[in-house]
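Protein chains: 2
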Amino acid sequence: MPCTFEDLTPLAWSRPGGPRRGRITTTRGVIETPEFLPVGTRATVKAMTPAQLAEIGVQGLLANTYHLYLRPGAEAVRKMGGLHTMMGWHRPIMTDSGGFQAFSLGAAKEQGVGKLGGVFPGKNKEAARPKSHKSGDTLAKVDDDGVTFRSYIDGSTHRFTPESSIALQRLLGADLILAFDECTSPLAGKEYTEMSLERTHRWAVRCLEAPRDPHQSLYGILQGGAYPDLRQRAVEFMTKLPWDALAIGGSLGETKEEFHSVLDWTIPHLPPHLPRHLLGIGEMEDLFEGVARGIDTFDCVIPTRFARTANVMVRPHFPGRSRRGTLNLRNAKYKQDFGPIDPDCSCYTCRNFHRSYLNYLFASKEILAGTLCSIHNVTALLDLTRQMREAIEQGTFQELKREYFRHGPT
Amino acid sequence: MPCTFEDLTPLAWSRPGGPRRGRITTTRGVIETPEFLPVGTRATVKAMTPAQLAEIGVQGLLANTYHLYLRPGAEAVRKMGGLHTMMGWHRPIMTDSGGFQAFSLGAAKEQGVGKLGGVFPGKNKEAARPKSHKSGDTLAKVDDDGVTFRSYIDGSTHRFTPESSIALQRLLGADLILAFDECTSPLAGKEYTEMSLERTHRWAVRCLEAPRDPHQSLYGILQGGAYPDLRQRAVEFMTKLPWDALAIGGSLGETKEEFHSVLDWTIPHLPPHLPRHLLGIGEMEDLFEGVARGIDTFDCVIPTRFARTANVMVRPHFPGRSRRGTLNLRNAKYKQDFGPIDPDCSCYTCRNFHRSYLNYLFASKEILAGTLCSIHNVTALLDLTRQMREAIEQGTFQELKREYFRHGPT
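Line by line, the protein sequences give chains A and B. Quick note: the first sequence uses this note's numbering, first residue 9, plus one each step. Quick note: the second sequence uses this note's numbering, first residue 9, plus one each step.
Hints in this document: simulated from the structure, not taken from any laboratory. Careful: at least some of the hints might be erroneous.
Identical copies carry no separate label here, and so any pair may be met within one copy or between two of them.
Keeping only pairs whose Cα atoms sit at most 20 Å apart, straight-line, the calculated EDC-like set for lysine to aspartate or glutamate is [claimed, not checked]: (1) K54 to E293; (2) K341 to E83; (3) K248 to E202; (4) K373 to D162; (5) K87 to D345; (6) K343 to D162; (7) K343 to E83; (8) K373 to E293; (9) K373 to D151.
All values derive from a computational prediction rather than experimental measurement.
The following block holds chain A by itself, in its conformation from the complex (with noise of 0.2 Å):
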């Protein structure tokens, strides 16, 4: 059975294109959404154990096909039993098709990752190591069958197509698959994004013939960049195909404007009855603004990725807070602050340490650091989802965030 998605939504505050509260149902548990899903890129969250995780209320993490497959191996982790009883966590787990990091990463950024058409390097000794790559040099190819891409790890190559994603998917043995797309770059042109996206389309009904298990959910991804006429292509083509649930990838353009304009475009015309997740965004007015519009779970590194830099996420209006959404607390003020990260956390984090000891543990170079920081930023984002599904519960999802922005957003 594919999960399956209710709305929760009381009928008195219920609207179109509006927030909504709402239940994925798969075989390893439920995810009461909206919910933010913490990234597990190696199957592991970095510096965090499973029971921690369940400790803090997470419900569903993300792992990273790419990184999986080239090691140990998709037949490795299935071996293994699969990615849940591998990684010892056994809630629900959503893989990426493995495409965005085989096209990006190694590609030089100069390029942007949409102009992929670029020399292929071959198997001359510069190319093969990807850490001294050259500017210029791509490590990814993409064709109308798939994309030919090189190791991170060896620059061995490889090769992704439609199948063979979801080949590997049925190997990892996630509850929520997305299908192979390609992921165009804000730099790519309108032309290119609109050939990249008839070619999603085609990969796409690929994806959905491709064989996979029946406890599997395969989810569509809506591309199109920050285009409004393809964004609607997307969503016209896209919700005609049996999908158990959709994504919003690819470029969400470069200012926060044209990124509300793509939801915008996109959510009031998907089908209620699925479930929507949006890739990649995991700052906490980003998900104000993805839940606002209808939006029920998001994915993305920065959490755990901030945490282990000594940046922890805290409010809005919160003294001291960077552009970012942070506090950095590297900084030396922290040295002599003796109160915790956010007083009004409740994680084991800020019911247990100073800043100025975790200000400590970074200047020490010691693992509890990122841990500790960690624990407080995924707990940030949880606390935020879970304030969220309750004032959507009340009809006072507004109020929740006029009050969260008081102070604008910095």
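Following the hints, position chain B against chain A.
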């Protein structure tokens, strides 16, 4: 109130110089003995949260005065509410005197810890870079009043005396504190060891006279190297002083036989009403030998240090066990090994993760690898001491030891 010790060994099994089942009561809780105390050098047991330590059943920790003195500073620890509040650990903590690291860290290995009367390098730039110091340099100089040493962090010059060590430990606020002593090297000759022992004894008196908090229990340290007459002199001198507890320190010889002899020369002559700590010992076989002779507590970095290098502790008869008492999970054979580290271990790691996954986490340099293996190693030692306590209660300690070594120590 300093700590108290109760001997809970059933009368039927109690004999001088034999194993004892005890209870050390401090103002921050009890330690049922025999017990192993994990080391949190910099006020963190590396890669583990205090919650994880508590869940395993850790009863007490040891933290290092030298490291905390240099960073964040003892006064900074006091401002953070003392060690317990700072590190979120509210059960007993032991601190060492700082002397051992002051002598040993940075002292050239060729010289040995004991030969500390060497040239103090002064303030030339070369010597000020501890990481690149030349062979033959030493960063510590001991005199009759104390030790002058260089920081391993920045090469700056510092000094410890018996009085300053006790004052530092007072600021840190541990429950169990150690007298300032000189720990001689196994390479030190008898003449130096004897001279050093006399100095340690003069320092002992000064430590006892220095002001300390009433709840802090002061351990006297028995030195004397591997020389029976010096060990005897240490016992005679130290047991006449009003210590709250005693610890055996210094060189324990170069072979297991010498180690056992040092214990045999010392423990039978110690007053039965004082807790007995054995410094820096943490291998399973050594815990058995220590407990068999009446040691109550141990501390050592090895379970957590081993863990971070993929060495997991297993019992002597365990297939594949190395001379160090471990399996190295980086070994390629574990890549396809779908069992737990130890099927008889009940730790979180063994209940939830395969060796293959741990092998993969180490290959991927994931932080979780060290955390999961630390959980296992600390659990392994605590399971062993729990079995020892039960066996002493039931009069079956010798059977447990025999069973444990049934294929002989490797």
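(request) Up to 20 Å between alpha-carbons, please classify K54 paired with E293: within, between, both or neither. (result) Result: close neither inside a copy nor across copies, 24 Å intra and 35 Å inter.
(request) At 20 Å max between alpha carbons, let me know whether K343 reaches D162 within a copy, between copies, both or neither. (result) between (41 Å within a copy, 19 Å between copies)
(message) Within a copy, between copies, both or neither: which one fits K373 and D162 at a CA-CA cutoff of 20 Å?
(response) So K373 and D162 pass the 20 Å test across copies only (15 Å; inside, 28 Å).
(request) Since the copies are identical, ignore which copy is meant and state whether K87 and D345 lie within 20 Å (CA to CA) inside a copy, between copies, both or neither. (result) Classified as between; 10 Å across copies, 49 Å inside a copy.
(message) My question is about K373 and D151: at a cut-off of 20 Å on alpha-carbon distance, are they close within one copy, between copies, both, or neither?
(response) This pair counts as neither: shortest intra-copy Cα distance 44 Å, inter-copy 33 Å.
(message) For K248 and E202, with the copy left unspecified, which applies at a CA distance of at most 20 Å: within, between, both, or neither?
(response) within (19 Å within a copy, 89 Å between copies)
(request) Classify it for me, K373 with E293: is the Cα-Cα distance of at most 20 Å met within a copy, between copies, both or neither? (result) neither (30 Å within a copy, 32 Å between copies)
(message) Within a copy, between copies, both or neither: which one fits K343 and E83 at a CA-CA cutoff of 20 Å?
(response) between (48 Å within a copy, 12 Å between copies)
(message) When Cα atoms must be at most 20 Å apart, do K341 and E83 count as within-copy, between-copy, both, or neither?
(response) Between. Shortest inter-copy distance 17 Å satisfies the 20 Å Cα cut-off; intra-copy 49 Å does not.
Comparing the model with each numbered hint stated earlier shows that hints 1, 8, 9 do not hold.
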